[in-house]
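Enquirer: The lines below spell out each chain.
Protein chains: 2
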Amino acid sequence: MSGDWLAGKAAIVGIGHTAFGRRGEFAERGTFAMACEAVVTACADAGIDPSDVDGWSSYSDDAAAANQLAMTFGAKRFRYAAMAWGGGGSGICGAFLNAAMAVATGQADCVVVSRSICQGEGGRFGQALAGVGGGGLPAPFSFSSPYGLMSPAQMFALAARRHMHRFGTTVDHFGEIAVNTRRMASTNPAARFREPMTMADHHASRPIADPLRLFDCCMESDVAAACVLTSVDRAADLRRPPARVASATMGGPYRYGEGLLAGHQMADDDFASAGQRTVADDLWGKSGIRPGDVDAAMIYDHFTPMVLMGLEDFGFCAKGEGGAFVADGHIRLDGSLPLNTSGGNLSEVYSHGMTHVIEAVRQLRGDAVNQVPDAEVVLVGGGTGTSPTSALLLTR
Amino acid sequence: MSGDWLAGKAAIVGIGHTAFGRRGEFAERGTFAMACEAVVTACADAGIDPSDVDGWSSYSDDAAAANQLAMTFGAKRFRYAAMAWGGGGSGICGAFLNAAMAVATGQADCVVVSRSICQGEGGRFGQALAGVGGGGLPAPFSFSSPYGLMSPAQMFALAARRHMHRFGTTVDHFGEIAVNTRRMASTNPAARFREPMTMADHHASRPIADPLRLFDCCMESDVAAACVLTSVDRAADLRRPPARVASATMGGPYRYGEGLLAGHQMADDDFASAGQRTVADDLWGKSGIRPGDVDAAMIYDHFTPMVLMGLEDFGFCAKGEGGAFVADGHIRLDGSLPLNTSGGNLSEVYSHGMTHVIEAVRQLRGDAVNQVPDAEVVLVGGGTGTSPTSALLLTR
Numbered sequence: 001m002s003g004d005w006l007a008g009k010a011a012i013v014g015i016g017h018t019a020f021g022r023r024g025e026f027a028e029r030g031t032f033a034m035a036c037e038a039v040v041t042a043c044a045d046a047g048i049d050p051s052d053v054d055g056w057s058s059y060s061d062d063a064a065a066a067n068q069l070a071m072t073f074g075a076k077r078f079r080y081a082a083m084a085w086g087g088g089g090s091g092i093c094g095a096f097l098n099a100a101m102a103v104a105t106g107q108a109d110c111v112v113v114s115r116s117i118c119q120g121e122g123g124r125f126g127q128a129l130a131g132v133g134g135g136g137l138p139a140p141f142s143f144s145s146p147y148g149l150m151s152p153a154q155m156f157a158l159a160a161r162r163h164m165h166r167f168g169t170t171v172d173h174f175g176e177i178a179v180n181t182r183r184m185a186s187t188n189p190a191a192r193f194r195e196p197m198t199m200a201d202h203h204a205s206r207p208i209a210d211p212l213r214l215f216d217c218c219m220e221s222d223v224a225a226a227c228v229l230t231s232v233d234r235a236a237d238l239r240r241p242p243a244r245v246a247s248a249t250m251g252g253p254y255r256y257g258e259g260l261l262a263g264h265q266m267a268d269d270d271f272a273s274a275g276q277r278t279v280a281d282d283l284w285g286k287s288g289i290r291p292g293d294v295d296a297a298m299i300y301d302h303f304t305p306m307v308l309m310g311l312e313d314f315g316f317c318a319k320g321e322g323g324a325f326v327a328d329g330h331i332r333l334d335g336s337l338p339l340n341t342s343g344g345n346l347s348e349v350y351s352h353g354m355t356h357v358i359e360a361v362r363q364l365r366g367d368a369v370n371q372v373p374d375a376e377v378v379l380v381g382g383g384t385g386t387s388p389t390s391a392l393l394l395t396r
Numbered sequence: 001m002s003g004d005w006l007a008g009k010a011a012i013v014g015i016g017h018t019a020f021g022r023r024g025e026f027a028e029r030g031t032f033a034m035a036c037e038a039v040v041t042a043c044a045d046a047g048i049d050p051s052d053v054d055g056w057s058s059y060s061d062d063a064a065a066a067n068q069l070a071m072t073f074g075a076k077r078f079r080y081a082a083m084a085w086g087g088g089g090s091g092i093c094g095a096f097l098n099a100a101m102a103v104a105t106g107q108a109d110c111v112v113v114s115r116s117i118c119q120g121e122g123g124r125f126g127q128a129l130a131g132v133g134g135g136g137l138p139a140p141f142s143f144s145s146p147y148g149l150m151s152p153a154q155m156f157a158l159a160a161r162r163h164m165h166r167f168g169t170t171v172d173h174f175g176e177i178a179v180n181t182r183r184m185a186s187t188n189p190a191a192r193f194r195e196p197m198t199m200a201d202h203h204a205s206r207p208i209a210d211p212l213r214l215f216d217c218c219m220e221s222d223v224a225a226a227c228v229l230t231s232v233d234r235a236a237d238l239r240r241p242p243a244r245v246a247s248a249t250m251g252g253p254y255r256y257g258e259g260l261l262a263g264h265q266m267a268d269d270d271f272a273s274a275g276q277r278t279v280a281d282d283l284w285g286k287s288g289i290r291p292g293d294v295d296a297a298m299i300y301d302h303f304t305p306m307v308l309m310g311l312e313d314f315g316f317c318a319k320g321e322g323g324a325f326v327a328d329g330h331i332r333l334d335g336s337l338p339l340n341t342s343g344g345n346l347s348e349v350y351s352h353g354m355t356h357v358i359e360a361v362r363q364l365r366g367d368a369v370n371q372v373p374d375a376e377v378v379l380v381g382g383g384t385g386t387s388p389t390s391a392l393l394l395t396r
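These protein sequence lines are chains A and B, in that order.
Reminder that position 288 of the first sequence reads as 288 in this note's numbering, one-by-one numbering, no gaps.
Reminder that position 115 of the second sequence reads as 115 in this note's numbering, one-by-one numbering, no gaps.
Misleading hints may appear alongside valid ones.
Here's a subset of chain A near chain B, in silico, CB distances under 8 Å, partners left out [claimed, not checked]: (1) Ala-66; (2) Asn-67; (3) Phe-78; (4) Ala-82; (5) Pro-146; (6) Tyr-147; (7) Arg-161; (8) His-165; (9) Thr-278.
Simulated from the structure, these hints should not be mistaken for lab results.
Every residue gets a Cβ at the ideal spot worked out from N, C-alpha and C, and that includes glycine.
Generate the whole structure from the sequences, applying the supplied hints.
Expert: Laid out in structure tokens, this is it:
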């Protein structure tokens with residue numbers, strides 16, 4: 001079975017999102033109404049009537065149910081509804097994989113990928129896990145929670161410290177990612193955080209979980225976003241230039257079955273990885289595209305060190321050289337691999353990765369606020385820390 | 001795009017389940033341990049080591065998380081994890097659709113579809129919906145709950161009564177389905193309810209929601225079950241005869257966007273449907289297989305009237321003639337369309353449809369307890385009442 005079967009069969013033809021709110025800002029409006037606005041906006045962008053959407057795809061147990069969306073929009077047909085199975089933003093590109101498979105196999109003609117986050121109810125993403133939901137801790141946390149390892153920042157801090165120990169990575173390297181991302185956001189009128197940030201500002205921000213400081217950690221937001229996918233054939237008749245799905249994949253770390261740090265599904269030889277080497281290998285192997293072909297990358301930036309490790313996992317630099325890679329300016333707008341060009345999770349908004357995909361589409365359309373000249377290939381790397389993670393290659 | 005692209009690319013090569021317990025019987029054992037037993041059993045049946053499973057598929061928000069299953073079994077790779085998006089047993093065949101797409105497109109080599117139900121915690125499936133979970137009622141129920149329409153039996157009773165009014169269907173017709181299913185279970189050593197049932201027993205069982213009596217309603221169970229899928233090519237090298245996926249689909253009722261009875265997503269011209277006409281049309285259209293080609297059918301039997309309406313929706317008889325079809329003995333073991341040959345949800349076990357798929361595989365292997373001679377084509381119809389519903393065609 002050739003692995004690149006999916007290539008060039010489906011395309012993203014519409015993108016949309018609500019206003020970007022602070023955590024809890026849209027609590028009264030609610031998850032479902034926000035999802036509807038994002039769907040309407042994305043369909044308008046595509047020039048497709050929402051009642052013509054016949055498939056729905058999401059991830060992270062999104063609460064805006066597919067059948068209620070289909071009913072609300074008076075769907076003429078309702079032929080597909082799937083959820084990438086896993087937590088947080090890890091499954092984001094898996095939701096696009098499912099959507100693209102449904103389109104490519106003829107199961108559905110037009111699939112919306114949506115995610116709506118409205119944090120008025122329940123726990124915060126960033127707090128100790130004991131406070132999230134009402135179902136108790138996931139089993140692996142039974143081994144780490146008694147020692148106080150309970151919040152996402154604490155877990156990712158361990159991988160960051162390990163990378164520093166193993167490869168000489170410094171907080172300046174993490175800071176470069178934060179500062180560069182803020183620089184991107186500063187020219188994006190929609191971004192939530194646009195004030196200039198210096199390396200000194202980064203270092204002066206309050207400690208969260210050593211070595212992570214506040215500006216190493218993404219914000220939390222209320223936001224909904226959606227993308228419309230259809231076949232490449234149909235895309236040719238629509239109003240916006242399509243962003244073709246060149247490849248999409250899901251995958252766990254390559255030593256998934258052994259020696260996992262509880263709650264930290266990123267095992268690797270060095271325990272200092274974003275756990276994305278397998279999805280990277282799959283993606284390059286399937287698509288025939290190489291890291292050097294990528295014009296811009298949108299790598300999930302919940303915590304700055306995970307971006308650095310993601311750059312290594314995806315092969316943009318060698319293992320352990322992520323620090324030098326970012327210090328050399330490669331991820332800046334004028335660098336070899338402009339990164340998170342709309343401001344990412346750190347400075348634009350935290351949409352569990354949807355706005356990373358949307359920014360990738362904008363780069364391929366040529367209308368990004370920080371446009372990479374003639375961008376033809378964009379990588380999206382999904383969230384890390386829960387498995388499976390995922391990745392997506394879009395081309396013009 | 002030819003719709004039958006999936007045909008003959010993936011096959012079910014292993015089946016397994018736990019013991020069949022009464023509701024709450026395995027509460028101390030728990031959902032996850034039960035899922036693991038089902039996976040081990042299904043993999044042993046296939047002759048595949050569980051660590052070689054690289055994809056996971058489920059539905060109805062199954063609580064035995066894919067990443068924990070992969071971790072538990074020391075997965076060598078972890079490349080796919082998806083959930084059909086929707087409640088109850090409606091998504092069962094959607095989980096097989098996702099698994100088959102993942103195998104057919106090369107995303108995964110070996111996908112387990114699993115479902116584990118352990119009802120020690122939370123509400124019962126059959127009770128008023130206000131008692132299920134902690135998140136409040138789904139929005140559509142806001143319109144019907146104030147009038148007392150709150151339990152599944154009440155909702156399906158409305159469609160049953162409508163079918164009786166519109167087409168002259170009788171409680172004897174519903175009873176024929178219950179009695180026939182019990183007859184099938186009586187020769188199945190694993191079935192939970194094997195005592196003989198007469199039509200008089202059916203009519204004497206206590207009323208639940210008019211016209212439904214106790215024996216029109218399925219049981220509730222603690223059970224986990226799993227199936228292993230891989231490519232048809234690889235299946236040829238395995239120990240058991242493969243059950244090929246000839247077609248799989250998901251779909252909502254054909255007038256999904258209009259006039260839905262709240263909580264009852266089965267709109268149709270007559271409001272007396274199982275809401276499966278669109279999946280039926282898709283399935284026959286895609287596969288080129290016709291209702292007359294089907295040797296046995298496993299149609300989700302949460303409530304007897306929905307089986308009768310499903311037989312109509314799938315085209316085994318004309319609309320309104322389901323009563324006469326079952327009265328004429330077509331669904332008996334010696335009839336033209338032996339139905340739910342292991343005893344179904346009504347008499348074998350309530351596994352949200354997994355045991356319907358497992359029985360379909362057994363029929364195709366030729367080792368069912370109530371074997372249909374030379375069965376070559378078996379239909380599985382997913383649950384109804386929430387959307388999207390789903391359907392699956394398996395062939396020898």
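Enquirer: Restraint: Ala-66(A) near chain B, CB-CB cut 8 Å. Satisfied or not?
Expert: Holds: closest Cβ of chain B sits about 5 Å from Ala-66(A), inside 8 Å.
Enquirer: Closer than 8 Å between Cβ atoms is the bar; does Asn-67(A) clear it against chain B? Give me holds or violated.
Expert: 4 Å, holds
Enquirer: Hint validation: Arg-161(A) versus chain B, beta carbon distance must be below 8 Å. Holds or violated?
Expert: 23 Å, violated
Enquirer: Is the interface hint for Phe-78(A) satisfied, with its Cβ closer than 8 Å to some Cβ of chain B?
Expert: 3 Å, holds
Enquirer: Min Cβ distance, Thr-278(A) to chain B: is it shorter than 8 Å?
Expert: Holds, because the Cβ-Cβ distance from Thr-278(A) to chain B comes to roughly 7 Å (cut-off 8 Å).
Enquirer: Answer holds if the nearest beta-carbon of chain B is closer than 8 Å to that of Pro-146(A); otherwise answer violated.
Expert: With Cβ-Cβ at 19 Å, over 8 Å, it is violated.
Enquirer: Does the interface hint hold: is His-165(A) within less than 8 Å of chain B, judged Cβ to Cβ?
Expert: Nearest chain B Cβ about 25 Å off; hint violated.
Enquirer: How about Ala-82(A): closest beta carbon in chain B under 8 Å, or not?
Expert: With a minimum Cβ separation of about 5 Å from chain B (threshold 8 Å), the hint on Ala-82(A) holds.
Enquirer: Have a go at the Tyr-147(A) hint: is there a Cβ in chain B nearer than 8 Å to its own Cβ?
Expert: 19 Å, violated
Against the hints set out earlier in the document, violations occur for numbers 5, 6, 7 and 8.
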